[in-house]
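Chains as they are written, first to last, in the working numbering: chain A, 17 to 340; chain B, 17 to 340.
Since the hints were made in silico from the structure, they are not lab data.
Derived CB-CB ranges, DEER-like: (1) A:Ala-302 to B:Ile-204: 25 to 31 Å; (2) A:Pro-211 to B:Gly-197: 20 to 26 Å; (3) B:Ala-93 to A:Asp-311: 43 to 49 Å; (4) A:Thr-252 to B:Gly-63: 31 to 37 Å; (5) A:Arg-51 to B:Ala-93: 51 to 57 Å; (6) B:Asn-293 to A:Ser-54: 40 to 46 Å.
Sample of chain B residues facing chain A (criterion: CB under 10 Å; computed from the structure): (7) Pro-139; (8) Thr-189; (9) Thr-192; (10) His-202; (11) Ser-203; (12) Ile-204; (13) Thr-226; (14) Ala-237; (15) Thr-238; (16) Thr-241; (17) His-267; (18) Arg-270; (19) Gly-271; (20) Glu-274; (21) Val-275.
So, partial list: chain A residues that the calculated Cβ filter (under 10 Å) puts toward chain B: (22) Gln-135; (23) Leu-138; (24) Tyr-188; (25) Thr-189; (26) Met-191; (27) Glu-194; (28) Ala-198; (29) His-232; (30) Leu-245; (31) Gly-271.
The structure displayed is predicted, hence computed values, not measured ones.
Beta carbons: idealized from backbone N, C-alpha and C, even for Gly.
Spelled out, the chains give:
Protein chains: 2
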Amino acid sequence: MTASVSAPALIALDWGTTSLRAYLLGADGVALDTRASSAGIMNLPAGGFDQAFEETCGEWLDAAPLPVIAAGMVGSAQGWVEAPYVETPAGPDALVAGIVTVKAARGVAVHVVPGVLEQSALPNVMRGEETQIFGALASEPSLGTSGGALIGLPGTHAKWAFVGDERIERFYTFMTGETFGALRDHSILGRTMHPSATHDEQAFIRGVDTARDAGHAGVLATIFTTRTLGLTGQLTGEQQPDYLSGLLIGHELRGLNEVLTREHAALAGKTLRLIGNDALCDRYRAALARFGCHDAPTVAQATEHGLYRIAALAGLVAAPVRTA
Amino acid sequence: MTASVSAPALIALDWGTTSLRAYLLGADGVALDTRASSAGIMNLPAGGFDQAFEETCGEWLDAAPLPVIAAGMVGSAQGWVEAPYVETPAGPDALVAGIVTVKAARGVAVHVVPGVLEQSALPNVMRGEETQIFGALASEPSLGTSGGALIGLPGTHAKWAFVGDERIERFYTFMTGETFGALRDHSILGRTMHPSATHDEQAFIRGVDTARDAGHAGVLATIFTTRTLGLTGQLTGEQQPDYLSGLLIGHELRGLNEVLTREHAALAGKTLRLIGNDALCDRYRAALARFGCHDAPTVAQATEHGLYRIAALAGLVAAPVRTA
Numbered sequence: 017m018t019a020s021v022s023a024p025a026l027i028a029l030d031w032g033t034t035s036l037r038a039y040l041l042g043a044d045g046v047a048l049d050t051r052a053s054s055a056g057i058m059n060l061p062a063g064g065f066d067q068a069f070e071e072t073c074g075e076w077l078d079a080a081p082l083p084v085i086a087a088g089m090v091g092s093a094q095g096w097v098e099a100p101y102v103e104t105p106a107g108p109d110a111l112v113a114g115i116v117t118v119k120a121a122r123g124v125a126v127h128v129v130p131g132v133l134e135q136s137a138l139p140n141v142m143r144g145e146e147t148q149i150f151g152a153l154a155s156e157p158s159l160g161t162s163g164g165a166l167i168g169l170p171g172t173h174a175k176w177a178f179v180g181d182e183r184i185e186r187f188y189t190f191m192t193g194e195t196f197g198a199l200r201d202h203s204i205l206g207r208t209m210h211p212s213a214t215h216d217e218q219a220f221i222r223g224v225d226t227a228r229d230a231g232h233a234g235v236l237a238t239i240f241t242t243r244t245l246g247l248t249g250q251l252t253g254e255q256q257p258d259y260l261s262g263l264l265i266g267h268e269l270r271g272l273n274e275v276l277t278r279e280h281a282a283l284a285g286k287t288l289r290l291i292g293n294d295a296l297c298d299r300y301r302a303a304l305a306r307f308g309c310h311d312a313p314t315v316a317q318a319t320e321h322g323l324y325r326i327a328a329l330a331g332l333v334a335a336p337v338r339t340a
Numbered sequence: 017m018t019a020s021v022s023a024p025a026l027i028a029l030d031w032g033t034t035s036l037r038a039y040l041l042g043a044d045g046v047a048l049d050t051r052a053s054s055a056g057i058m059n060l061p062a063g064g065f066d067q068a069f070e071e072t073c074g075e076w077l078d079a080a081p082l083p084v085i086a087a088g089m090v091g092s093a094q095g096w097v098e099a100p101y102v103e104t105p106a107g108p109d110a111l112v113a114g115i116v117t118v119k120a121a122r123g124v125a126v127h128v129v130p131g132v133l134e135q136s137a138l139p140n141v142m143r144g145e146e147t148q149i150f151g152a153l154a155s156e157p158s159l160g161t162s163g164g165a166l167i168g169l170p171g172t173h174a175k176w177a178f179v180g181d182e183r184i185e186r187f188y189t190f191m192t193g194e195t196f197g198a199l200r201d202h203s204i205l206g207r208t209m210h211p212s213a214t215h216d217e218q219a220f221i222r223g224v225d226t227a228r229d230a231g232h233a234g235v236l237a238t239i240f241t242t243r244t245l246g247l248t249g250q251l252t253g254e255q256q257p258d259y260l261s262g263l264l265i266g267h268e269l270r271g272l273n274e275v276l277t278r279e280h281a282a283l284a285g286k287t288l289r290l291i292g293n294d295a296l297c298d299r300y301r302a303a304l305a306r307f308g309c310h311d312a313p314t315v316a317q318a319t320e321h322g323l324y325r326i327a328a329l330a331g332l333v334a335a336p337v338r339t340a
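Whenever a hint applies, use it, and build me the whole structure from the sequences.
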């Protein structure tokens, strides 16, 4: 347990499909303790949500009664309780208004934050990322004003959210991570790949640049080069996974740039922030640099900050989250 | 055996990764008999290439000595003998010059047609399709002259070849079919899909139109709508596979159109032909119509005609293939 002068004030849960991460937060919004579990909503123990909750948070609640807030797939139709999506443009007040509670076996109310839905020709949904985005805005309020920002959340289903006016205005979902896994593990491209313990930056950047400079026929046309550059002796088996990763991330950024171009903007001119694990954010930063973006820092502790901020707005804790 | 006035003149093999198709062709290039086997080069019987060849063609060769020609993955590095790629622009003479022979156990020489390689920033390779393309040009020689044509070969790895001056000038490989299978069977998109015995044309066209009209962010950004249109009640589980199929084929055609746009041309103005199985070519024709292309007939018997034509040019048979 981290030493802190602050007393526990809130239990905050980031409860996704494959994992559950619990934070014991002090009155200043700083984490006093954390627990990580593999009890995602698709991987629950026999006793279901209640058992996973007890195993992760029981000791904390035995020590003191605390309010509990949760975000992520726990609020989906397959979750503990369904918290229906709120629609874009969505601000923190709308999220607070959409909170649904479920009573745990020990009697405590768990407050579940809703996800966000964008109704359009290409509908989009997020659950959990909205909370991280408002965590980023809590740490750096100017992101939500002064022209707005573009916040990227790399991962299985990468999200890119346009924020402005302190709201999530609209967002895109790129299935980059999951497509990479499906192609590597279940297509001909994987057959010539060899696993490598080290990241090959040169191969990765070659993929990004190929998407940027020669990707106009689309990703379905470029991915086969993972194989043909191997056949022609230009990529080793060890380099092919990083090349394909760069190619897909490059197509994601090319697509995002195309969206911006149609609005007379460009990635290179946007205020950018990233939320996610360090290694993946580093990859995205390297790729963004190839699109002329040299300032895309990772937002630290976005999840805890977001959960604390929404809990404060909902009146579950007294203090506002610290701003940087 | 089909009744015919013509005597057997050639054994022609279309020998791919997962299947082997053998044709007994008469002196007019018409098939007198055919055999289909699952003995593709990755699925050979214990006796290897020789056993597969004997089982498929042994009776024909017992009846009369005949020249044998083969195209497809049988000429790859994993094949019976490697027939190194010839480079674009590639005409039938280059293919003939690149033929490599392998002696079967019974003593007969099998003539293996090389594949075609395009050396560029995005290298491309084909094996087997080059023979089908020259089969199409054999049936309709004007395709190879008068401004050229674009020949599409839908499938696991769809090819689009620019032909002109009686040569394959360049080509693209879209991994459309394999990406569809990987996403359906190994991503979250498959989880909400339900199998359907019938093709849902409306859902398919919706996918094509989405790619055409709203696909500028790229296929990684649009495929998630297969799920979100389900979540928002706009697509049933049964419709989702056809929607995704339309979306991917739509992105393929959008990409091809983008290639043409950069050359001040458009799909709608090109002479188009398709080679492939009827159901898949029908899908592509329906998708092409959404891009303004209303004349893209399927070329019949392209494989047999191509093998016969190359055999004739190589002097293995006397008569040229019939032209339509």
